[in-house]
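Based on the hints, put chains B and C in the right spot on chain A.
Chains as they are written, first to last, in our numbering: chain A, 130 to 265; chain B, 130 to 265; chain C, 130 to 265.
Careful, some of the hints might be misleading.
Because identical chains cannot be distinguished in the list, a pair is counted as satisfied if it fits within a single copy or across any two copies.
Lysine to aspartate or glutamate pairs mimicking EDC-like chemistry, simulated, CA-CA at most 20 Å apart [as the list claims (entries may be wrong)]:
1. Lys170 <-> Glu135
2. Lys170 <-> Asp213
3. Lys196 <-> Asp212
4. Lys170 <-> Asp183
5. Lys142 <-> Glu236
6. Lys142 <-> Asp202
7. Lys170 <-> Glu236
No lab work stands behind these hints: they were computed from the structure.
Chain by chain, the residues:
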Amino acid sequence: MIQQIELTLPAFKRGCHIITSHITSHLPELPAAGMLQIFIKHSSAALTLNENADPSVLRDMDYILNKVVPERDSGYAHTLEGDDDMPAHGKASLLGSSLMIPVTNGELNLGTWQGIYLCEFRNFGVPRKLVLTLIY
Amino acid sequence: MIQQIELTLPAFKRGCHIITSHITSHLPELPAAGMLQIFIKHSSAALTLNENADPSVLRDMDYILNKVVPERDSGYAHTLEGDDDMPAHGKASLLGSSLMIPVTNGELNLGTWQGIYLCEFRNFGVPRKLVLTLIY
Amino acid sequence: MIQQIELTLPAFKRGCHIITSHITSHLPELPAAGMLQIFIKHSSAALTLNENADPSVLRDMDYILNKVVPERDSGYAHTLEGDDDMPAHGKASLLGSSLMIPVTNGELNLGTWQGIYLCEFRNFGVPRKLVLTLIY
Chain A
130 MIQQIELTLP AFKRGCHIIT SHITSHLPEL PAAGMLQIFI KHSSAALTLN ENADPSVLRD
190 MDYILNKVVP ERDSGYAHTL EGDDDMPAHG KASLLGSSLM IPVTNGELNL GTWQGIYLCE
250 FRNFGVPRKL VLTLIY
Chain B
130 MIQQIELTLP AFKRGCHIIT SHITSHLPEL PAAGMLQIFI KHSSAALTLN ENADPSVLRD
190 MDYILNKVVP ERDSGYAHTL EGDDDMPAHG KASLLGSSLM IPVTNGELNL GTWQGIYLCE
250 FRNFGVPRKL VLTLIY
Chain C
130 MIQQIELTLP AFKRGCHIIT SHITSHLPEL PAAGMLQIFI KHSSAALTLN ENADPSVLRD
190 MDYILNKVVP ERDSGYAHTL EGDDDMPAHG KASLLGSSLM IPVTNGELNL GTWQGIYLCE
250 FRNFGVPRKL VLTLIY
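Chain A extracted, bound-state conformation:
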């Protein structure tokens, strides 16, 4: 059985944001066992799971990604859309566009410290489209 829901997140500013409650508020009743995919239909923002308790982790995650894929590298050819654009594509592929989360006993079976992150890599974030697919 498959259920699908498409939704659009509000625009988030550049950086990492916990969207767990945005996601769970859109979910139907969850089954005893299954899997949820969260898919982002964009190539300059990404989804990941990480620590949900200390806001400094969100800040440092953004800091790490900005160091791994720095802006204004003279080797970039794709520069017409701004200094943030090509690094955004690089970071999007490093984190990925899809999360697969097991569903158990009617809930997302996340670890105690795992939250769902939206990482917005553009300077001016726009509303991002997600597809939720529940397999059960």
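Okay, now just chains B and C, sitting in the frame of chain A:
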């Protein structure tokens, strides 16, 4: 319901390549709702979703990955298979070996700008084996 | 059809470790066609697929990740849990918390050289909880 198809891509040269049409040409009729996995059975090439319009993004993605995991780092122990080999393994794990793409209304539910990339990390690319698994 | 199994790995020391046989020893009889998810309920360790033959790849993978997300960067704010903590979160998001592996003819359909890696990023590794979800 599960359908599986194995296929071998032609050899691609080192770098990132859009293979969306290679994939879609091998798919059966897609369901109203489901999910497609594309899995690569190798550890020195990877799959990712990224921008499908400007070829300079493909070039810059390869450039970024080569900077993140550089060759000829004196710290590498696994060097017998060539300077490109250990960096290829590193890049493969950073991008990942599996894509999960929602299927909606008989089509891959990708964003407007999302294409399927094969990233070949070896200097002399070889034919790469994929497994397509459709869940519906 | 969905089957789920939760298991706890023994503690591994910091670094990358092949856990393929730990996983397969916990699996039920596998179907003719399906998919297995391996999900880790933690944000300072990760799962990936990579080369299963030469132990130097495990060592170099750890070396690469430590270079991509170095410790003791003065830009980190999240430092209370030790020098290894924030880099662990960064590396966890770069590799990811979930593996999706096709199942074919009753076996994990991995490539010849692909093994399942647990990457433990904390200095003092603890037992890590996994959720295995089989879809068929």
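Do the hints match the structure? See the list:
1. Lys170 <-> Glu135: within (10 Å within a copy, 26 Å between copies)
2. Lys170 <-> Asp213: For Lys170 and Asp213, only the intra-copy Cα distance (19 Å) is at most 20 Å; the inter-copy one is 32 Å.
3. Lys196 <-> Asp212: For Lys196 and Asp212, the Cα distance is within 20 Å both inside one copy (14 Å) and across copies (17 Å).
4. Lys170 <-> Asp183: between (28 Å within a copy, 17 Å between copies)
5. Lys142 <-> Glu236: neither (29 Å within a copy, 31 Å between copies)
6. Lys142 <-> Asp202: neither (23 Å within a copy, 24 Å between copies)
7. Lys170 <-> Glu236: between (24 Å within a copy, 14 Å between copies)
Checked against the numbered hints listed earlier, the structure breaks hints 5, 6; every other hint is satisfied.
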